[in-house]
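> In order, the protein sequence lines correspond to chains A and B. Each residue of the first sequence is one higher than the one before, counting from 0 in numbering that gives the first Met the number 0. Each residue of the second sequence is one higher than the one before, counting from 0 in numbering that gives the first Met the number 0.
Treat the hints loosely; a few may be bogus.
For each label pair, taking beta carbons as the anchor points, the in silico distance ranges come out as [unchecked claim]: (1) A/H314 <-> B/V13: 32 to 40 Å; (2) A/H291 <-> B/V13: 44 to 52 Å; (3) A/E24 <-> B/Y43: 22 to 30 Å.
Derived from the structure by calculation, the hints contain no laboratory data. Cβ atoms here follow ideal geometry from the backbone N, Cα and C, with glycine treated the same way.
There are 2 protein chains.
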Amino acid sequence: MEGWSRKVYLALPVPSEEDHRPLQERLLAALEDSGPFRLERAAYIRLTPASLQNAQEICEAGSWRVTAVLCFDGYGWELLRLEPGNTAGKHYGLCVDLGSTTIVMELADLNTGEILAQESIFNPQINWGEDILSRIFYTKDRPEHRKRLQKATAEGLQSLMETLKEKTEIDTFSCPVLIVAGNTAMIHFLLGLDAFGVFQTPYAVQTLAPEPCKGTELGLSFDGFVYCCPGMANYLGGDIISGMLATGLADQEEICVFLDVGTNGELVVGNRDFLLAGAGAAGPALEGGVVHTGMRAKKGAVDQVTVENGKLKAHVIGGGEAKGICGSGIVDLIAELFLNGFLDLRGQFQEEVKGVVRLPGREEDETENAVEYAPGLYFYQSDITEFLKTKAAAMTMVEYMMNLIGLTMEDVGRFYVAGAFGTHIDKEAAVTIGLYPDIDREKLLSPGNASLRGAEKLLLDRRLMDKAKDIIGRMQYVQFGAVEDFLHLMVAATAIPHTDLNQFPSVVKKLEERRKKS
Amino acid sequence: MEGWSRKVYLALPVPSEEDHRPLQERLLAALEDSGPFRLERAAYIRLTPASLQNAQEICEAGSWRVTAVLCFDGYGWELLRLEPGNTAGKHYGLCVDLGSTTIVMELADLNTGEILAQESIFNPQINWGEDILSRIFYTKDRPEHRKRLQKATAEGLQSLMETLKEKTEIDTFSCPVLIVAGNTAMIHFLLGLDAFGVFQTPYAVQTLAPEPCKGTELGLSFDGFVYCCPGMANYLGGDIISGMLATGLADQEEICVFLDVGTNGELVVGNRDFLLAGAGAAGPALEGGVVHTGMRAKKGAVDQVTVENGKLKAHVIGGGEAKGICGSGIVDLIAELFLNGFLDLRGQFQEEVKGVVRLPGREEDETENAVEYAPGLYFYQSDITEFLKTKAAAMTMVEYMMNLIGLTMEDVGRFYVAGAFGTHIDKEAAVTIGLYPDIDREKLLSPGNASLRGAEKLLLDRRLMDKAKDIIGRMQYVQFGAVEDFLHLMVAATAIPHTDLNQFPSVVKKLEERRKKS
Numbered sequence: 000m001e002g003w004s005r006k007v008y009l010a011l012p013v014p015s016e017e018d019h020r021p022l023q024e025r026l027l028a029a030l031e032d033s034g035p036f037r038l039e040r041a042a043y044i045r046l047t048p049a050s051l052q053n054a055q056e057i058c059e060a061g062s063w064r065v066t067a068v069l070c071f072d073g074y075g076w077e078l079l080r081l082e083p084g085n086t087a088g089k090h091y092g093l094c095v096d097l098g099s100t101t102i103v104m105e106l107a108d109l110n111t112g113e114i115l116a117q118e119s120i121f122n123p124q125i126n127w128g129e130d131i132l133s134r135i136f137y138t139k140d141r142p143e144h145r146k147r148l149q150k151a152t153a154e155g156l157q158s159l160m161e162t163l164k165e166k167t168e169i170d171t172f173s174c175p176v177l178i179v180a181g182n183t184a185m186i187h188f189l190l191g192l193d194a195f196g197v198f199q200t201p202y203a204v205q206t207l208a209p210e211p212c213k214g215t216e217l218g219l220s221f222d223g224f225v226y227c228c229p230g231m232a233n234y235l236g237g238d239i240i241s242g243m244l245a246t247g248l249a250d251q252e253e254i255c256v257f258l259d260v261g262t263n264g265e266l267v268v269g270n271r272d273f274l275l276a277g278a279g280a281a282g283p284a285l286e287g288g289v290v291h292t293g294m295r296a297k298k299g300a301v302d303q304v305t306v307e308n309g310k311l312k313a314h315v316i317g318g319g320e321a322k323g324i325c326g327s328g329i330v331d332l333i334a335e336l337f338l339n340g341f342l343d344l345r346g347q348f349q350e351e352v353k354g355v356v357r358l359p360g361r362e363e364d365e366t367e368n369a370v371e372y373a374p375g376l377y378f379y380q381s382d383i384t385e386f387l388k389t390k391a392a393a394m395t396m397v398e399y400m401m402n403l404i405g406l407t408m409e410d411v412g413r414f415y416v417a418g419a420f421g422t423h424i425d426k427e428a429a430v431t432i433g434l435y436p437d438i439d440r441e442k443l444l445s446p447g448n449a450s451l452r453g454a455e456k457l458l459l460d461r462r463l464m465d466k467a468k469d470i471i472g473r474m475q476y477v478q479f480g481a482v483e484d485f486l487h488l489m490v491a492a493t494a495i496p497h498t499d500l501n502q503f504p505s506v507v508k509k510l511e512e513r514r515k516k517s
Numbered sequence: 000m001e002g003w004s005r006k007v008y009l010a011l012p013v014p015s016e017e018d019h020r021p022l023q024e025r026l027l028a029a030l031e032d033s034g035p036f037r038l039e040r041a042a043y044i045r046l047t048p049a050s051l052q053n054a055q056e057i058c059e060a061g062s063w064r065v066t067a068v069l070c071f072d073g074y075g076w077e078l079l080r081l082e083p084g085n086t087a088g089k090h091y092g093l094c095v096d097l098g099s100t101t102i103v104m105e106l107a108d109l110n111t112g113e114i115l116a117q118e119s120i121f122n123p124q125i126n127w128g129e130d131i132l133s134r135i136f137y138t139k140d141r142p143e144h145r146k147r148l149q150k151a152t153a154e155g156l157q158s159l160m161e162t163l164k165e166k167t168e169i170d171t172f173s174c175p176v177l178i179v180a181g182n183t184a185m186i187h188f189l190l191g192l193d194a195f196g197v198f199q200t201p202y203a204v205q206t207l208a209p210e211p212c213k214g215t216e217l218g219l220s221f222d223g224f225v226y227c228c229p230g231m232a233n234y235l236g237g238d239i240i241s242g243m244l245a246t247g248l249a250d251q252e253e254i255c256v257f258l259d260v261g262t263n264g265e266l267v268v269g270n271r272d273f274l275l276a277g278a279g280a281a282g283p284a285l286e287g288g289v290v291h292t293g294m295r296a297k298k299g300a301v302d303q304v305t306v307e308n309g310k311l312k313a314h315v316i317g318g319g320e321a322k323g324i325c326g327s328g329i330v331d332l333i334a335e336l337f338l339n340g341f342l343d344l345r346g347q348f349q350e351e352v353k354g355v356v357r358l359p360g361r362e363e364d365e366t367e368n369a370v371e372y373a374p375g376l377y378f379y380q381s382d383i384t385e386f387l388k389t390k391a392a393a394m395t396m397v398e399y400m401m402n403l404i405g406l407t408m409e410d411v412g413r414f415y416v417a418g419a420f421g422t423h424i425d426k427e428a429a430v431t432i433g434l435y436p437d438i439d440r441e442k443l444l445s446p447g448n449a450s451l452r453g454a455e456k457l458l459l460d461r462r463l464m465d466k467a468k469d470i471i472g473r474m475q476y477v478q479f480g481a482v483e484d485f486l487h488l489m490v491a492a493t494a495i496p497h498t499d500l501n502q503f504p505s506v507v508k509k510l511e512e513r514r515k516k517s
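Let the hints inform the model, and build the full structure from the sequences given.
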């Protein structure tokens, strides 16, 4: 493995009448002769004036036995600082999944590869808009707003570093490396770049592969280097490429589908021979965003639903009173409502079924069918419709891409659903409502926070940056919006599980079993 | 000529559906295809996140016609910023002679090579000691004092940039380049490095060839790069190497002597075939530093002295009342006193000569011979003795080095005396007292502020950095302190002009002429 940083222990020759080379030369010669550098032809080892400012004291304090901390700057190596004595055993690095909602940071031992701690916070950018688009508009033509968002992002990272430091008693601020995986807008906000191109045609952004920079340049109390995982396009950012590193999708023989549903929906289909990628608006509803009583998966959220003797039973996170329903709860609920006849194939409530009630709707003069999934909490027809539209959008992206290359779900060897959503969802329920394809359940995989997993890998092995760039070079980007038959496919996918029931034999079987029972 | 910076005008393709590359890629491709970069294989062109922060606005403001400002960072090129439209015609750079007493900065037009303006100030470090040694001791083991001196030095540069900006209405702070020539201690102070090694054996300093750094890293409001002229040894710094670039000494066929008398005395003897260098304490007395009424060459200083009819006549800078005597005045005075019989060969006042008076000396119980060189201003025997010791030190360095390689003054083709001292001194008087050798007067040259002249050259042609490193590699450093017969030689050189009168035929001739007259 090739790290981004190196800690090199040096026993320097003590200055004498015979050897009075300047410290810079003395250090450089010792470094060039040291293990990791002797074996390679580094373009350069740069000993900046800043790195020499306390060097003499440190050499004297360590009796000329010091540890040099170096970072790869993209082309060669830069000395960050010296430390007295041998500190090579203490070599730590940071990686972060810079999500639009949540920022998750991890501290890793770079000698062992072990993840020592993890912390997360809400992205402070939320103060300027829940969704990315609001934030982009906030910064449009306002460099000072861009600076504000940049600062808030840096402060988020800074506070995570502080918490990790308190928790582990490891000085995170002296880590030489921070790897960032995030979508294209997040990377633009972090670096203080104009993000409007992420949203506006022709989608020419500022950068998809930022050069490494010093943490201090971003306003962090961190003199190490910040490396961003490169992205592929405006809507297919470094978080997805990081997910490719996490799953190893681009090296696999089997055909894989990678679906990340977060604020947006991103999709990659491919293997070691080909890679197709695309993105679309397929996110928030799946996470409970558009639903009347939708909420994030935290205490008080209904995350599982079953029907027993015609009655809905809800499981509440943390026990106690239910306050709303999260993504996995919604999937469960719709699946159960469908299997137990509350809903037909089109996702319409069956008024004759006991438990379906008519309530005032969103508009004053409207009424809507609904069910009470927990005391005082109702799931409406309009919630169902919204959710099915979104699941149809996500599934249609997959279907469309498979059609494009003449494949069917039967050809898929691995179907990854990344993100918290994929982790908590019940596979059976997801297949039942047609959110997951009806394939061997072992092929349905939840890599969790794939962006963070990829960032971990990248943190430990610098060569994965070339891998990432290679993946990007191989990827074909599919613009779904531009596709004519996309809408037709989507309408078909709005049904539960799908208009084409042949694609869902296990669901058909379940329905038949239920029918037999009743 | 190869500059340190480049301003490259680019007509960028406007982003479109067909070409929606990120701005970073768009810029890089255009740069790689532009004149100066197309012709070479630059190691890299680095487009940092910082350089892209306002790039979109600037591209739009300039209708995608922009000028890229790039700097050589020692290995490759870094984009500093974009400017809207074509600003390549406005390309300016700065160079500075960072002296321990005076800092002189110049602004140059990098397109024409013309020096547009010059400004100088006293070095703010003077607040922490008149001489370098006091400043070194002030910073010893006190990193916070080192920081203070660093800051003061940067503030000095900053104020010069401000004055130059006001004077020329050119934004000096947007210059991409600042070249610094200074002695080893000055460079250490500028970069915030521990300078104690300059003074203490074994003279292992922090650096003699600092890596380029950003002005902002030094606390300047200047995002361009700062390049320091490299030095050869603790007492033979970048100011002398810069002097080599200024005079072209290392390329000449004739044997040259280069003597710089400032706070210290530095010497180079050589030509294109060999280079010997050394340094010694030969400075302050020559500039009037140790003399009772010595002062710098400014208003009120006696700078020329003649004897008419046995009486001393003094010329005062700026007219008016004399307040003291500067270096060139002292040389004139001693030469005239000698030629007119006030002083013997050993530099002793002749008490029988009219005008020599006996006055209370420095110690309470002492008296001293002296002359009144201007109303109320006396030049003492002890002043003469001090001055002759110093001139002997300077001349002995030259003599010793010539002996070392078996040469005499007759072999010297060019004898450079750099610095303000060399510029204002009367050549004849200097030969008379044995400060200059008695050679063809046309061979006695005053390159003025050679350090600044070399910095100007370096500013205009980056390849001279290699030249400087080549010169340093070829130089042999002679430690005068370590030399046994140095003291013997020095005693002989304390006489006026020298114990060996054969070396000064023109002075012997003058003495004979005077004797005939009287």
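> Would you mind marking each hint as holding or not holding in the structure?
Checked hints:
Separation of A/H314 from B/V13 is about 56 Å and departs from the stated range, judged on CB atoms against 32 to 40 Å. Between A/H291 and B/V13 the CB atoms are about 46 Å apart, so this pair conforms to the stated range of 44 to 52 Å. Taking the beta carbon of each, A/E24 and B/Y43 are about 25 Å apart, inside 22 to 30 Å as hinted.
In summary, the structure is inconsistent with hint 1 from the numbered list given earlier, while agreeing with all the others.
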